[in-house]
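*Asks:* Numbered continuously in this note's numbering, the sequence shown closes out at residue 780.
Incorrect hints may appear among the rest.
Restraint-style ranges between C-beta atoms, simulated for each label pair [as the list claims (entries may be wrong)]:
no. : residue 1 : residue 2 : range
1   : 536       : 683       : 31 to 37 Å
2   : 696       : 779       : 22 to 28 Å
3   : 340       : 431       : 18 to 24 Å
4   : 664       : 731       : 23 to 29 Å
5   : 328       : 348       : 40 to 46 Å
Using 16 Å as the maximum straight-line C-alpha spacing, the simulated EDC-like pairs for lysine to aspartate or glutamate come out as follows [to be verified]:
no. : residue 1 : residue 2
6   : 182       : 243
7   : 693       : 712
8   : 777       : 552
9   : 615       : 552
10  : 180       : 208
11  : 720       : 694
12  : 348       : 374
13  : 215       : 243
14  : 760       : 776
15  : 563       : 496
By construction, these hints were calculated from the structure, which means they are not laboratory data. Because the structure is a prediction, the values reported are computed rather than measured. Note that the Cβ used here is the ideal one computed from N, Cα and C, for glycine as well.
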Amino acid sequence: MTRLNKTEFLSHLGVGWTKTSRNDGLIAFGRRTLPLKWHLVLLVAGALLPVVLFAVAVVHKLSLKERAASERRLVLATRNLTENVEREVSSTTRTLQALAASDRLDQGDLKGFYNEAERTVQTQPTWLSVILLTPDGRQVLNTFRTFGTSLPLANEPESVRRVVETRQPTVGYLALARLKRKWAFPVRVPVIRGGKLRYVLTALITSEAVISVAKAQTPMDGEWTRTVVDGQGVVVARTRNPERFVGQRGTPSFLKRIASTTEGIYRETTLEGRPVYVAFRRANFSNWTTALVVPIEVIESPAHRAMWLVVGSGLALLVVSGVGALVLSQWISQGIASAACAAEALAKGEYPRISPSFIKEVALLGQALEFSADLLQERERERDEHLRQSEAARAEAQTANRLKDEFLITVSHELRTPLNAIFGWAQLLRAGKLNQEKTQHAIATIERNARAQAQLVNDLLDTSRIIIGKLRLEPQPLNLAIVIVNALDSVRHAAEVKGIDLQLQLANVEPVLGDQNRLQQVLWNLLSNAVKFTSQGGLVEVKLQQTNSLVEIIVRDTGVGIKAEFLPYVFERFRQADGSTTREFGGLGLGLAIVRHLVELHGGTVGADSDGEGKGATFTIRLPSIARRDSISVPPMISADGTFSPYKSLHGLQDVRVLVVDDEPDARYLVSAVLMEQGAEVRACACAAEALKEVLAWKPTVILCDIGMPQEDGYDFIRKVREWEIDVGGQIPAVAVTAFAREEDRLKAISCGYQTHFPKPIEPTQLAAVVASLVEKIKR
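Please model the complete structure; the sequences and the hints are all you need to start from.
*Replies:* Listed below in structure tokens is the structure:
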């Protein structure tokens, strides 16, 4: 046995690293290495950091929306305040207009009008006085003074001119009423008689009227103050400290804002020096403006608190996850180190010893290494035994050595792809140059390949058993509906993740004779492939039905489909539709090969069909059924001494003529006994020439022929049979029963003219089932 050092072993697996130094039993390579725990910590940090950043971004965006909503509520409250002030002014205007319609003015009875005005003032608690002015601004009467007293010109003539020019009611500016020592503003309406402006009637309103309107409105949460300014920017009313600020001009920035637009919201510093948000709106009269003020913390504090909460939680989660990764990495490191040492021992020709591991993939890899070691030791013993025998024995030793090499190549090929993906993406993650999207893709790739490697080991074990002919069944009567439901449950989660609709149609069918675990493995392989190759939102349908004596399971999907040129090879080992480096779907091409072998061991067939790429695929399994009865007979067995144990007929081969061709007497007797026990009429021949005569004379229903025979082998025999059939018409189904069990042997047998390939050693029930299935095809 060739001994490999560690570097050669890694190179054999396709890793391609160069050893540069050794320290504490660990291999160091060209780049500086880090312990696994730090890789896991970086992996956790790389996974959590984007989530934290995303949460910060979301909270920031939500905070902006919340602040915008608060600003909208502030603007709406300002609009309500403006409407209330406008209603108050409108009420005053209507009262003045009613007083201006007095008949006393038509009659020139100013004394009588003076008395009416006094009575009106007494009914309006916010009015200081009523003043009647001529259009040129002279006071005719003023309820502040006794009637007939000499009066000065109007204190605020600008608003008088607006009334004269527009003949519309107007509101003046705030001024100090000297007699009452109160801040007040005039509301003026025109007095028109005969289409001419006769007087300007004015009500002098105290600023408390506007302050009471501002205070009457329901306050916002955290509101600071409400302010009303006149057209000159002078504060008319203020809910906070009115005695201090009424009569003063607003801040320059506020006056600039209200002069440039009719409505808005902005950050400002109040007259008290406090930073606030100010919402303002201009009224529909005389450029008066209302404003609502709230502290900036009312708007911004919730966002700040939420942001700190997210950042703090993210940092805490990062610390906790990092500590957990350090602890977990210690366990993983031990398992990986144990597996690495076992691989090194196997490379040196020693038997690997692997410590138990809680990591499933590491445990399965250890089992595979131990299985490989057992197989290598077995082949070594066989070779040594053969070398001690004669030279006719040297050829057998060479064959065993070739089988060993083929197995090693198979193991190397199957382990290389997922190992390269895992190591490659791990190196890229360690470099720290991947963006967020690539990092997530790397993590998903590592996880997917780790899961794939776990399934890979199981497939390797089954493939190894198939190659060496040690895969055996434990047949029993089965209800296939239960097997299908169990298989569906195992892939349901994967289908739900991709939004794939799983549909099931079950018909009443007869039971079949089969191994429940192996048939469930067949269905799981087909269903997992269907889910894997079906895109988001697709459909996978499973149907159970019976056609004559065959039970059919149909698995149909709406996935990527199968190319027409690849359909003939879909069930071959290591064959894939896309073997290029840019293929979209991974895998080693073992699953469908195992499916075909297991189905054929049950005496059934499996086929694939597809309308082409992008049009889905359909896989159909056909298994022979057994008749329903009160008690099921015991399956056939071969006893320890090699004799055949009879059993009741399960496959119905009565009146079926079977020609058995084999140069070994024991093999002819065994096959003949199995088929005659099933009711078949059997003739046996020891060579191809004798068998060809029986074909021409007897015309058998089915032919069972060995391949390796002297003079003429089974390939030459079946070619002559097929040539004879061209002249006479029809075709006799033929089975190649042979010890040549490789995939290329099966393909050669079928290409030469056999319908199926049955490897030795034979299982009687399986052989009878295969013959029954061929007879059933003839009947159909």
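*Asks:* Could you run down the list of hints and mark each one as holding or not?
*Replies:* Hints, verified against the model:
With their beta carbons about 59 Å apart, residue 536 and residue 683 fall outside the hinted range of 31 to 37 Å. Distance hint check for residue 696 and residue 779: the Cβ-Cβ separation is about 24 Å, which falls inside the suggested range of 22 to 28 Å. Here the CB-CB span from residue 340 to residue 431 is close to 23 Å, well matched to the stated 18 to 24 Å. Separation of residue 664 from residue 731 is about 27 Å and conforms to the stated range, judged on CB atoms against 23 to 29 Å.
At about 31 Å, the CB distance of residue 328 to residue 348 disagrees with the hint of 40 to 46 Å. Of the supplied pair hints, the one linking residue 182 and residue 243 holds, its CA atoms being roughly 11 Å apart against a limit of 16 Å. A hinted pair counts as satisfied when its Cα atoms are at most 16 Å apart, and residue 693 with residue 712 qualifies at roughly 14 Å. Between residue 777 and residue 552 the CA atoms are separated by roughly 14 Å; this keeps the pair inside 16 Å, and the hint holds.
Between residue 615 and residue 552 the alpha-carbon distance is near 22 Å, which puts this suggested pair outside the 16 Å criterion. Taking the CA atoms of residue 180 and residue 208, the gap is near 13 Å; set against the 16 Å cutoff, the hint holds. Simply put, residue 720 and residue 694 have alpha-carbon atoms about 13 Å apart, close enough for the 16 Å limit, and the pair holds. Of the supplied pair hints, the one linking residue 348 and residue 374 holds, its CA atoms being roughly 14 Å apart against a limit of 16 Å.
Among the hinted pairs, residue 215 with residue 243 is consistent with the structure: their alpha-carbon atoms are about 15 Å apart, no more than 16 Å. A hinted pair counts as satisfied when its Cα atoms are at most 16 Å apart, and residue 760 with residue 776 does not qualify at roughly 23 Å. Distance hint between residue 563 and residue 496 is unfulfilled; the C-alpha atoms sit about 27 Å from each other, more than 16 Å.
Comparing the model with each numbered hint stated earlier shows that hints 1, 5, 9, 14, 15 do not hold.
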